[in-house]
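Here is what each chain is made of, one letter per residue.
2 protein chains.
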Amino acid sequence: MSWRDHLRQVEPYVAGEQPKMRNLVKLNTNENPYGPGEKVKAAIRDFDSEVLNLYPNPDAETLRHQLAMYHGLADDQVYLGNGSDAVLAIIFLTCFNSSKKLLFPDITYSFYPVYCELYGIDYETIPLKDDFTIDIKDYMKDNGGIIFPNPNAPTGAALSKAQIEEILKHNQNSVVVIDEAYVDFGAESVMRLIDTYENLLVVHTFSKFRSLAGIRLGAAFGQKELISHLYDVKNSFNSYPIDALAQKIGEASIQDSAHIKANAQKVIATREKTCEALKALGFTMPESSANFIFVTHESVRADVLFKALRERHIIVRYFNKPRIDNYLRITIGTPEQMEVLIEALKEILSKQAEG
Amino acid sequence: MSWRDHLRQVEPYVAGEQPKMRNLVKLNTNENPYGPGEKVKAAIRDFDSEVLNLYPNPDAETLRHQLAMYHGLADDQVYLGNGSDAVLAIIFLTCFNSSKKLLFPDITYSFYPVYCELYGIDYETIPLKDDFTIDIKDYMKDNGGIIFPNPNAPTGAALSKAQIEEILKHNQNSVVVIDEAYVDFGAESVMRLIDTYENLLVVHTFSKFRSLAGIRLGAAFGQKELISHLYDVKNSFNSYPIDALAQKIGEASIQDSAHIKANAQKVIATREKTCEALKALGFTMPESSANFIFVTHESVRADVLFKALRERHIIVRYFNKPRIDNYLRITIGTPEQMEVLIEALKEILSKQAEG
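Quick note, the sequences are listed as chains A and B, same order.
Just so we're aligned: 226 in UniProt numbering is position 226 of the first sequence, and the numbers increase by one with no gaps anywhere.
Just so we're aligned: 211 in UniProt numbering is position 211 of the second sequence, and the numbers increase by one with no gaps anywhere.
Misleading hints may appear alongside valid ones.
To be verified - Distance condition first, Cα-Cα at most 20 Å in a straight line; then the derived SDA-like pairs of lysine to any residue:
hint: 1; chain 1: A; residue 1: K224; chain 2: B; residue 2: D5
hint: 2; chain 1: B; residue 1: K224; chain 2: A; residue 2: D5
hint: 3; chain 1: B; residue 1: K248; chain 2: A; residue 2: D46
hint: 4; chain 1: A; residue 1: K224; chain 2: B; residue 2: L7
Simulated from the structure, these hints should not be mistaken for laboratory data.
Keep in mind it's a predicted model, so treat the numbers as computed, not measured.
Work out the full structure, taking the sequences as your base and the hints as a guide.
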């Protein structure tokens, strides 16, 4: 017997690609290409570091109130966490404690099955349709919970609010979680359905729309009873509050909302222009409502394009997985970055045509 | 069947006391009474908020290197997490995956049994001796792991490095974790034993000694193999890095170390002076090597003192638990705060004597 025998066994971790090239065009992690705004800048600059010796306000009351106001909710309909991944983990632990199966799409956020394994949750993946959209009829069967991102990742395809309400109407006996990490780039939020469906949770992150991937801040929204239950479970094994600086930055971000919305409009315009340019080069993609697109080419394989782009210091995301191994997920950057991408693809495709 | 049937059931959370009094003397959560230092102040003021749209350096290389240098270790002997609670959670999940029982004291950090329940870890609590110290002989039996804080909480009592090495000599077949959250207030660190014992992990926090309770930053130290395994498990279900601002603040804190050590010496001096004053009032306490003391009075019950102090806006910690329900845990604040405490206790005790 060795101490090693008591260790949890996992697959050795292979670090994600973090190339240290100069002049890198980084379009692989769905970051917002624009900064978070002037109020955030001022909040950090003016932060009183002398209070860092104290634990933060445990209820993050000000941030909670401001976020509630922004969404037209009551303060007790808001759950805050140190990152939306931490929020999702608490939701999985709290809400999917069922003998019935949790349902989510076969192609979706890769951490859903990971949380299921961690917490011993039984699940069933539902195949997306051939066009990579969700068929809402597939979710109208007995289950222990439902979760999917809207728009979905990595496809970018969104359901309408009316479609999600159909799912909710047929699923009032389990918790339904809509992960709206990318919703502000063009999909319809279901935030307004919270008042009607007591089993609905909506999850947001500050990392994408609000350009705050550098800090850890996420939120869930729902009726008071369910939100309160999330806090009960969280506090039963983790008493620690939201980082004091992240609270201040989050509050400032709410004040920066007009600026942030204008940036999202820029991203959307760049996305549409990029899609047109890519279609002209022989690419197709599901209609995206996110800050990324999911593209495939009529003749050149995705892994070939991935490598050729990488040689040109342009990093996109390639998933070597069933059904999607001929697709690239490309984050929408600045117009300048997308022009570099388009020019590179033109060059790569013309070389491929020659060869 | 209702959606409520799928929820994990926990005891409803009763929020910890966060009194909103003016002129509060807050001695209940073991915060450092001094600020984090000038380099931290500058790091926040000069932080470039424009990079917050990007995910942080996933390996926190600079912070990892600086912390390694500070402790005379190699970079790959350092594990960083968003708070020492997050570090402890990963350690429990990774290292105590055994059919044998994890051992820890009956009176210790309250989250150890919580993590055990969360991850299904079987454990046995070992009673402290009557003087609230650990008997190292109790830990020389078959086990699936050992963890305790040194100095222990809430007692403040510490083992020597030699005593901990005795435990390690007799326990080379399970992981031994020494939680050194309070070590810099007067106990001996076992950091130097890492090179000898490949099954040893030492856990530190930035919240106490480094006056950074407001952010979430903690670390574990050990041999490369075990540290690498912690990262493997962490990354298998949570790819997210250390908050970008916390990385910068942590780096600055290392630069502030001389200032921070001077503050710890002030806390120690205040502790010794406070203990003398309290002994003169009829209190006794285990010898503390932490930034708190654990006191009991010869005639007045702890809960009576707790309430009387609270009426005077002085908040200390009372645990209504077996063996320790006649004790108060008092954080060492500034000399001025401790004088207010002593004067209040004098008044309370003399009133009690009259009554």
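Agreement of K224/B and D5/A with the hint, judged by alpha carbon distance not exceeding 20 Å = Holds, because 17 Å separates the two Cα atoms, which is no more than 20 Å.
Given the hint that K224/A pairs with L7/B, test it: the Cα-Cα distance must not exceed 20 Å.
-> holds (15 Å)
Given pair status - D5/B, K224/A, alpha carbons within 20 Å | Roughly 17 Å between the alpha carbons, so the hint for K224/A and D5/B holds.
Take a quick look at whether K248/B and D46/A sit within 20 Å of each other, Cα to Cα.
-> holds (16 Å)
Of the numbered hints given earlier, the model fails none.
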